[in-house]
Amino acid sequence: MYRLRYFALLFPFTLFGQVDTTLYSRLQIEEVVIYEAANGLSINSKSSTLQVNISRTELRKAACCNLSESFETNPSIDVAFTDAVTGTKQIQLFGLAGKYAQIQVEMTPLVRGLLSNSGLNFIPGSWVHSIQLTKGIGSVNNGFESMTGQINVELLKPEDLVEAAEAPGAEGRGDIQLNAYLNQGGRFEVNEAYGVRINKKWMLSSLGHFSGRQQATDINGDGFMDNPLGYQVNGMLRARYFGQNGWEGIYTFHALEDVKEGGQIARAFAPGTNTESLWSSAMKQGRVAFTSKMGWVNPDNPNQSVGTIFQLYSHQMKGSMGSDLPATLHSQWGGAQNGGLAQILFQHGWGTLSQTSSVLFLRDQYDLSITHPMLGQGQPWVEQGVGLSSEWTWSPLPSFTAVGGVRYDLHSIAGHQFSPRFHLRWAPGEKHTFRFNAGRGFRMALPLLEEWGRLASQRTVEWFQYGQVLGGDILSLETARNFGFSYQWSFLLNYMTGSLQADAHLTQFSKAIIHDYWTPGVRAIYPTQTQFGSERPVMTSATWGASLFYHVDKRTELRIAYRFQDLQAMYVMPNPIGGDYGRMLSVPFVAPHRMMAHLSREFKGDWTLDATLQRYSKQPIPGIDPWAWPSVDYAPAFALLNAQIRKDFAHGDLYLGLENVLNIRQAHPIDGAMDPQTGSPLLPSDPYFQSNFDATRIWGPIFGRMVYLGTNIVL
Amino acid sequence: MKKRLTLIALLFLPVIAMAQKKAEVRFQTDGVCGMCEKRIETALLAIDGVWTADWDRESHETYVVFNPKKVKELALHQAVAAVGHDTPQVKAKDEDYAKVHACCKYRNEDVTKSHH
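Residue numbers (this note's numbering), protein chains in the order written: chain A, 373 to 1087; chain B, 7 to 122.
Check each hint, because a few of them may be wrong.
[As the list claims (entries may be wrong)] One side of the interface only, derived from the structure: several residues of chain B facing chain A at Cβ under 8 Å:
| hint | residue |
| --- | --- |
| 1 | Lys28 |
| 2 | Thr48 |
| 3 | Ile53 |
| 4 | Trp57 |
| 5 | Val71 |
[Claimed, not checked] Negatives, chain A to chain B, calculated, CB over 12 Å:
| hint | residue |
| --- | --- |
| 6 | Glu441 |
| 7 | Lys461 |
| 8 | Ala539 |
| 9 | Ala552 |
| 10 | Gly580 |
| 11 | Asp590 |
| 12 | Ala661 |
| 13 | Gly723 |
| 14 | Ala774 |
| 15 | Arg831 |
| 16 | Gly844 |
| 17 | Ser862 |
| 18 | Thr869 |
| 19 | Ala918 |
| 20 | Ser1057 |
The hints are simulated quantities; they were obtained by calculation from the structure and are not laboratory data. Each residue gets a CB set at the ideal place from its N, CA and C atoms; glycine is no exception.
Put together the whole structure using the sequences plus the hints.
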């Protein structure tokens, strides 16, 4: 049995996660569990990609709640809102929206298709075991969609829960983990994780989540709720199998329902006002998915393995925005995405050389429709494809690794796509690591619905092309190539470890969907592509940054980071004389200079303090001057400070935190919501509201300082 | 201004920390596995005046950096013995040794062998 488990641990590296293999070293010695990595954030210097592992320890430092918020203490990722009413948070990597990174749960797609907008909100933070963040293009075997990087989320597996309870030193700590959270904004959350061993071969687990908000708040007095009301019920059942002869498997059933309702609050208006036609937004989403993963490691040669992934899912969404008055842009949309994937991976190693190859079948059946005063579209379509990929790793010396991969996709819409990718790692001495990567990726956009929150506006929606604004044709293809270089220096100063890391990345798009807000009152969406005979990319992201990690003493950890990001896209300038001109302009909602400082200190008596300071520089946002093109405004620079204290007990912990300690707020996140003279909220029937309403010019927090309280309990 | 002060304070933390006097010591400590390592290091780090502690699984050597004004070297040995691990200066009491997990029983030859 022990021998078999040992083989099983080699396989997780390819199929059951990208987790650093040293984490699995616990399996080499019977019954020894090193349950958590010592560092919250760690960069594996042996990996050929610039990969940061974010452990559960690190996730406890983030205030709340789901994946979109778990990058708060990470200097590489920004969190941004799409609008001021739906409360949807999205992440940015290199200033580019999260949709350009490949975001996966245990190597299966997560933020893709209809989930591009809110997929991150559907993974509760307390389900997460660890997150692997790869800056720069990822492995060819994981799919074609990695353009800026890759984020893989490993959830708690049955063995994580069962082995934690069975571990020596876990005296009395059982296999049920509970979490509860409540904040001043009225958000509550309850999470559960439970694992049980059935017999020597099978383990089961359940992950549960319920969250919601029932009480509407309006801090800025504009008549709109600061956050939508609603609830999310989310559950996962998992079965884990460790069999004979090198077989293992994990089977997961996932179902969720999410309902969000936001907009104007009736009690914000004077008594007696007719509040029948208030502006409101509603969104209901549901998802059911089943995933099966099986793997086999040759017991006679652990360097040979085969893995399979099957996934079937069905996702439904139904939403609306606006007021029922004809003069407001009332939109309604609905969509279904049913699909699945099947993948077989083969791995073989010969000493210093190893290869992993894969065959992937992908099928998505979309049925989307939208009604909007300017757009009435709806159509079903099928997107399917076959992908062949092979990746070769050559590591002749411990200090050198070269990885070359090629991927060929035959896609029903994108046609033939060839994606080569290349990674190089050189570590002269133990203390210095250089990495280089280059590669290409592509994705299929759903131009309108992947950012549905941005419909919360009186801006007219313009789509210049004959194709579908909803997606499903060649105009929705986005392609990019990415180059990255990084240097990492590990040092020992005053007996304590530290590291300095610097990296630069360039992402160039030859095809991209542009969302153009440079004409007030208009939101133009159009595909652009590099003109024939020109090498000029249509969208580029150039970033560089440096970060310092240092253990000041045994109880204090300090992180300081700076990042510069320059994101530009080709916008089409409307020309009344005829003929349009393309101009490269900075993309809005991206702060060019970002700074972060994080301090973590443990005190006697199991108290821990975490504080994070984030600074955003001045950033361009769409302007309101109707005579200028581009009409640009600049949002002021601001800083966010979050702090949390935690007390650990034998059976869990209790944490109390303050988000946004400095109480920074965007005073008027929604244009046209208030009377400019009196400052009282306006009804959608008001002409001022009708000509100015726009909730998409959001750059900062709405709520301000917020207290939260939470607890984790292990029973 | 407030922000700038915080930043300056953060930058000076390491300097204040470095100003303390430190001594290094290495001694053999019996143990076998990663669990032992964690137990030994945790016991040492819990002492006021211990700066850093590391037990090496291969050489069975404990390396401690500490402030001799705050803690005596013998106290380090005593702390390790108190959690059940023998050092050249202090042998763990039988009742403390009894508390270590079955897989860490380094005085038992079968256990030490199974870790090689």
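(request) Return the numbers of the hints above that this structure violates; sort them in rising order. (result) The structure conflicts with hints 2, 3, 8, 18, although it agrees with all the remaining ones.
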